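Note that the protein sequences, when read in sequence, are chains X and W.
Read in order, the letters of the first sequence are residues 1 to 162 in the working numbering.
Read in order, the letters of the second sequence are residues 1 to 170 in the working numbering.
Everything labelled a hint here was simulated from the structure, so no lab data went into it.
It is possible that part of the hints are untrue.
What the hints assert, rightly or not - Label-pair distances were calculated between CB atoms; the ranges are: (1) W:W108 with X:K150: 42 to 50 Å; (2) X:I160 with W:P152: 35 to 43 Å; (3) W:L141 with X:L20: 53 to 61 Å; (4) W:I20 with X:A45: 50 to 58 Å; (5) X:V110 with W:E137: 50 to 58 Å; (6) X:G57 with W:N157: 34 to 42 Å; (7) X:G57 with W:N80: 56 to 64 Å; (8) W:R24 with X:G57: 56 to 64 Å; (9) X:K80 with W:D159: 46 to 54 Å; (10) X:K157 with W:N157: 33 to 41 Å; (11) X:D52 with W:E21: 33 to 41 Å.
From a predicted model like this one, the values you see are computed outputs, not experimental measurements.
The beta-carbon is built from N, C-alpha and C at its ideal position, and this holds for glycine as well.
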Amino acid sequence: MGVEEKLGDMGIVTTKLEELVNWSRTNAMWPMLFGLACCAIEMMAAQASHYDMSRFGMELMRASPRQSDLMIVAGRVTRKMAPVVRRLYDQMPEPKWVIAMGDCASCGGVFNNYAVVQGVDEIIPVDVFVAGCPPRPEALIHGVVTLYEKVKGDKFKDRIKA
Amino acid sequence: MDKKLEKIVQALQENFGSSIEEFRDEVHVFIKVEQIVDALFLLRDKYEFELLSALTASDYFPQTSPRFHVIYQLSSLAKNLTVQIRVPVNGDQLKVPTATRVYQVANWREREVADMFGIEFEGHPDPRRILMPVDWEGHPLRKDYPLGYEEPQFTFNFDEIDLRKPYAKE
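All chains, full assembly: derive it from the sequences and hints.
As structure tokens, this is what we get:
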């Protein structure tokens with residue numbers, strides 16, 4: 001049953017531009033192919049056939065930040081890696097979102113020491129935090145779906161920079 | 001101690017006046033800083049210790065002085081032997097001659113020891129930091145290096161820590 005049958009012969013849908021744009025942004029979100037530690041293994045599992053994140057329109061991981069609009073920070077970010085992560089984030093085109101995957105990316109996790117950044121939100125703004133060490137693929141997918149809910153509520157006027 | 005190894009250790013004692021420690025069949029030979037390169041050359045060329053399996057250091061602060069031991073773990077594949085060479089270094093004068101002339105593999109290992117313990121390897125071909133960022137201050141594996149612990153954020157102290165936590169704005 002497709003949308004055609006529901007709509008009859010009308011062939012026209014009325015909606016707000018904002019909602020249409022937000023809807024189109026959610027269902028083709030391309031994450032960056034970018035893993036820092038063991039969480040990346042779970043991220044790969046979430047992408048692979050068993051969990052199959054492409055059900056939510058994300059089958060494509062881009063190896064270039066220029067082509068991606070979602071950064072999944074999968075793993076601990078060391079102080080040496082922090083400038084690199086920030087640069088990758090700066091290279092992504094607007095609009096862009098960030099998921100901090102796992103405890104290490106969210107708050108430093110078990111690595112409360114000199115070498116690890118205590119939460120990736122110290123260097124880049126984060127939209128969704130996913131807890132777990134590492135989070136199961138379901139948890140990551142839930143984080144992504146949560147991000148979709150956030151994106152659907154986006155307002156154009158909030159994105160216009162002063 | 002292994003009989004083959006006994007001869008080699010004896011030779012080291014005669015040539016360099018080194019002392020010996022044994023722990024669970026592992027032999028530690030202590031050698032003075034200025035003689036380490038000669039000792040390594042002797043072990044490599046005469047006694048067939050062709051492999052430097054590990055080069056590391058240990059900080060015994062504050063119990064012992066000199067506080068650092070630079071440790072060379074040597075293996076002989078031909079004779080199936082291992083021996084550990086230890087070079088005690090004092091806290092004031094942290095200079096050890098480089099072993100890269102004897103074993104090429106010592107290059108990165110010495111950079112790591114220099115990075116983590118602040119022990120200078122004289123004559124090293126490439127004395128940059130290898131693990132920490134280039135602008136890092138201090139040497140993290142020293143016993144007197146602060147851990148850089150941050151207070152965890154719980155419900156009861158969330159707001160207090162939130163005020164001083166740095167956040168990225170776009």
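Structure-based check of all given hints:
1. Our hint of 42 to 50 Å for W108 (chain W) and K150 (chain X) holds, since their Cβ atoms are close to 45 Å apart.
2. At about 37 Å, the beta-carbon gap between I160 (chain X) and P152 (chain W) stays in the expected band of 35 to 43 Å.
3. Distance hint check for L141 (chain W) and L20 (chain X): the Cβ-Cβ separation is about 57 Å, which falls inside the suggested range of 53 to 61 Å.
4. The hinted window of 50 to 58 Å between I20 (chain W) and A45 (chain X) holds, with their beta carbons roughly 53 Å apart.
5. The supplied range of 50 to 58 Å is broken by V110 (chain X) and E137 (chain W), whose beta-carbon atoms lie about 25 Å from each other.
6. In this structure, G57 (chain X) and N157 (chain W) meet the distance hint of 34 to 42 Å, their C-beta atoms being roughly 40 Å apart.
7. The hinted window of 56 to 64 Å between G57 (chain X) and N80 (chain W) holds, with their beta carbons roughly 60 Å apart.
8. Taking 56 to 64 Å as the suggested C-beta distance range, the pair R24 (chain W) and G57 (chain X) conforms, at roughly 59 Å.
9. Taken as a hint, the range 46 to 54 Å is violated for the pair K80 (chain X) and D159 (chain W), whose Cβ atoms sit roughly 31 Å apart.
10. Between K157 (chain X) and N157 (chain W) the CB atoms are about 36 Å apart, so this pair conforms to the stated range of 33 to 41 Å.
11. Checked against the given bound of 33 to 41 Å, the beta carbons of D52 (chain X) and E21 (chain W), roughly 59 Å apart, lie outside it.
The structure does not agree with the numbered hints 5, 9 and 11 stated previously, though it agrees with the rest.
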